[in-house]
Amino acid sequence: MMGHAGFVLASYGAAIIVLAALIGWILIDQRIQRQALQELESRGIRRRSETKMDNPS
Amino acid sequence: MSDAISKTGRWIDLANPTRFLSFAGAVLPWLGGLTLLVLAVGFWMSINVPDDYQQGSTVQIMFIHVPFAWLSMMCYTIMSIAALGTLVWRHPLADVSAKAAAPIGAVFTALALITGSLWGKPMWGTWWVWDARLTSVFVLFLMYLGIIALTRAMDDPAKSAKTTSILTLVGFINIPIIKFSVDWWNTLHQPASVLRMGGSTLDPSYLRPLLVMAIGFTLLFFTLHMMAMRNEIWRRRVVAMRRVAARNAERGPAKQQEVR
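Residue numbers (the working numbering), protein chains in the order written: chain A, 1 to 57; chain B, 1 to 260.
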């Protein structure tokens with residue numbers, strides 16, 4: 001039954017690669033949005049509904 | 001009684017995006033840590049199971065394939081509940097939840113199809129057959145892609161929310177079809193063996209790692225969903241703030257030039 005080890009490795013490998021890509025994408029998106037918010041806040045821009053500032057990070 | 005009221009009050013507070021952000025900030029490190037821990041334990045249990053007398057080592061594919069398939073349906077169910085929240089209460093956080101969940105659900109569905117294919121080749125002798133279970137899961141995958149495309153096709157989330165919610169709810173019909181496809185039609189895919197009347201048919205030595213992996217991947221889903229929801233709230237704030245900035249610039253052209 002050793003002949004099937006390749007299929008097991010391929011499944012686990014595919015799962016790890018695809019999930020890593022998903023997590024990486026979410027983390028990159030998080031960084032982009034955080035930086036954009038900080039940049040806008042440093043320019044003194046506030047949302048209309050925002051009376052007092054809450055820190056995004 | 002008053003305790004119960006204050007408790008519900010607190011949960012309703014989470015529907016406020018700002019409250020949700022601080023809640024997510026406090027919960028995410030713990031949830032992420034717990035996810036890693038449970039998945040590590042589950043992985044260790046999975047690689048140490050004895051070979052199945054019929055399936056050999058390929059039984060190990062089950063420990064990831066089954067959780068991925070469960071989650072692909074759970075994610076769609078969560079999106080359907082969120083779609084109801086959008087249509088009935090018109091709550092913006094419901095739309096954020098549905099939009100953030102769609103790519104994660106698509107990934108889990110794709111992984112269920114990939115690992116299923118890699119399990120089917122050695123066990124059934126084929127990568128793919130167009131039978132009821134496999135085809136209905138493939139349709140689920142296509143629906144995720146359609147929803148992802150629709151949520152990103154319109155600039156204004158208020159406009160896309162309603163259309164996407166209706167599409168999501170119409171597509172929910174597929175979920176019971178997937179679940180019962182193995183009972184209703186002739187298929188290569190085996191019928192349910194864990195959640196079934198009369199108890200699981202799995203041996204405990206396989207059931208235990210499967211449950212740990214299922215809990216681990218479910219925790220992973222909720223961690224990623226919360227992170228993606230937070231990103232989406234931030235993204236909408238950035239858009240709103242840019243709009244304010246543009247309006248300010250229009251009102252005071254002199255000031256705009258000063259900034260430049």
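Honestly, the hints are just simulated from the structure, not real lab data. Some clues are possibly wrong.
In silico SDA-like links for lysine to any residue, alpha-carbon gap of 25 Å or less [what the hints assert, rightly or not]: (1) B:Lys-121 / A:Asp-29; (2) B:Lys-159 / A:Tyr-12; (3) B:Lys-159 / B:Asn-16; (4) B:Lys-159 / A:Leu-9; (5) B:Lys-121 / A:Gln-33; (6) B:Lys-121 / A:Ile-17; (7) B:Lys-121 / A:Arg-46; (8) B:Lys-121 / A:Ala-36; (9) B:Lys-159 / A:Asp-29; (10) B:Lys-121 / A:Ala-5; (11) B:Lys-121 / A:Arg-47; (12) B:Lys-162 / A:Val-18; (13) B:Lys-121 / A:Ala-14; (14) B:Lys-159 / A:Leu-19; (15) B:Lys-121 / A:Val-18; (16) B:Lys-159 / A:Ala-10; (17) B:Lys-121 / A:Leu-37; (18) B:Lys-159 / A:Ala-14.
Beta-carbon label-pair distances, calculated as ranges [said to hold, decoys possible]: (19) B:Gln-55 / A:Ile-32: 43 to 51 Å; (20) A:Leu-9 / B:Thr-18: 42 to 50 Å; (21) B:Val-239 / A:Ile-28: 12 to 20 Å; (22) A:Gly-44 / B:Val-170: 41 to 49 Å; (23) B:Val-244 / A:Trp-25: 26 to 34 Å; (24) A:Glu-39 / B:Pro-204: 51 to 59 Å; (25) A:Trp-25 / B:Pro-50: 31 to 39 Å; (26) A:Glu-39 / B:Val-129: 51 to 59 Å; (27) A:Arg-47 / B:Gly-33: 44 to 52 Å; (28) B:Pro-191 / A:Arg-47: 29 to 37 Å; (29) B:Pro-50 / A:Arg-47: 52 to 60 Å.
Ideal Cβ placement from N, Cα and C applies to all residues, glycine included.
Quick rundown of the hints versus the structure:
1. At roughly 37 Å between alpha-carbon atoms, Lys-121 (chain B) and Asp-29 (chain A) are farther apart than 25 Å, so this suggested pair is violated.
2. Proximity of Lys-159 (chain B) to Tyr-12 (chain A) is assessed by CA-CA distance (about 40 Å); at most 25 Å being required, the pair is judged violated.
3. Distance check on the hinted pair: Lys-159 (chain B) and Asn-16 (chain B) sit about 20 Å apart at the alpha-carbon level, within 25 Å; holds.
4. Taking the CA atoms of Lys-159 (chain B) and Leu-9 (chain A), the gap is about 44 Å. The hint is violated against a cut of 25 Å.
5. With a C-alpha separation of about 43 Å, the suggested pairing of Lys-121 (chain B) with Gln-33 (chain A) is violated against the 25 Å cut-off.
6. For the proposed pair Lys-121 (chain B) and Ile-17 (chain A), the alpha carbon gap of about 21 Å is at most 25 Å, so the pair holds.
7. A threshold of 25 Å between alpha carbons decides the hint, and for Lys-121 (chain B) with Arg-46 (chain A) the separation of about 57 Å lies outside it, so the pair is violated.
8. The straight-line distance between the Cα atoms of Lys-121 (chain B) and Ala-36 (chain A) is roughly 47 Å, outside the 25 Å bound, and the hint therefore fails.
9. At most 25 Å may separate the alpha-carbon atoms for a hinted pair to count; Lys-159 (chain B) and Asp-29 (chain A) meet this at roughly 23 Å.
10. Under the criterion of a C-alpha separation no larger than 25 Å, the hint pairing Lys-121 (chain B) with Ala-5 (chain A) is consistent with the structure, at around 13 Å.
11. Taking the CA atoms of Lys-121 (chain B) and Arg-47 (chain A), the gap is about 55 Å. The hint is violated against a cut of 25 Å.
12. Distance restraint check for Lys-162 (chain B) and Val-18 (chain A): the Cα-Cα separation of roughly 30 Å exceeds the 25 Å cut-off, and the hinted pair is therefore not satisfied.
13. Distance check on the hinted pair: Lys-121 (chain B) and Ala-14 (chain A) sit about 15 Å apart at the alpha-carbon level, within 25 Å; holds.
14. Taking the CA atoms of Lys-159 (chain B) and Leu-19 (chain A), the gap is about 31 Å. The hint is violated against a cut of 25 Å.
15. Annotation: proposed proximity of Lys-121 (chain B) to Val-18 (chain A) holds, straight-line Cα distance about 20 Å (limit 25 Å).
16. Between the alpha carbons of Lys-159 (chain B) and Ala-10 (chain A) the distance comes to roughly 42 Å, so the proposed pair goes past 25 Å and is violated.
17. Annotation: proposed proximity of Lys-121 (chain B) to Leu-37 (chain A) is violated, straight-line Cα distance about 49 Å (limit 25 Å).
18. Distance hint between Lys-159 (chain B) and Ala-14 (chain A) is unfulfilled; the C-alpha atoms sit about 36 Å from each other, more than 25 Å.
19. Between Gln-55 (chain B) and Ile-32 (chain A) the CB atoms are about 44 Å apart, so this pair conforms to the stated range of 43 to 51 Å.
20. A hinted range of 42 to 50 Å for the beta carbons of Leu-9 (chain A) and Thr-18 (chain B) is consistent with their spacing of about 46 Å.
21. Roughly 18 Å separates the CB atoms of Val-239 (chain B) and Ile-28 (chain A), a value that falls within the hinted 12 to 20 Å.
22. At about 45 Å, the beta-carbon gap between Gly-44 (chain A) and Val-170 (chain B) stays in the expected band of 41 to 49 Å.
23. Restraint check, Val-244 (chain B) to Trp-25 (chain A): a C-beta distance of roughly 28 Å satisfies the suggested window 26 to 34 Å.
24. Look at Glu-39 (chain A) against Pro-204 (chain B): about 55 Å separates their beta carbons, and that is inside 51 to 59 Å.
25. A C-beta distance of roughly 37 Å is found between Trp-25 (chain A) and Pro-50 (chain B), which places it inside the suggested range of 31 to 39 Å.
26. The given range of 51 to 59 Å is respected by Glu-39 (chain A) and Val-129 (chain B), whose C-beta atoms sit roughly 52 Å from each other.
27. The hint said 44 to 52 Å for the Cβ distance between Arg-47 (chain A) and Gly-33 (chain B), and at roughly 32 Å that hint is violated.
28. Remark: the range hint 29 to 37 Å for Pro-191 (chain B) to Arg-47 (chain A) is contradicted by a beta-carbon distance near 53 Å.
29. Checked against the hint of 52 to 60 Å, the C-beta distance between Pro-50 (chain B) and Arg-47 (chain A) comes to roughly 58 Å, which is consistent with it.
Going through the hint list in order, the structure does not satisfy hints 1, 2, 4, 5, 7, 8, 11, 12, 14, 16, 17, 18, 27, 28.
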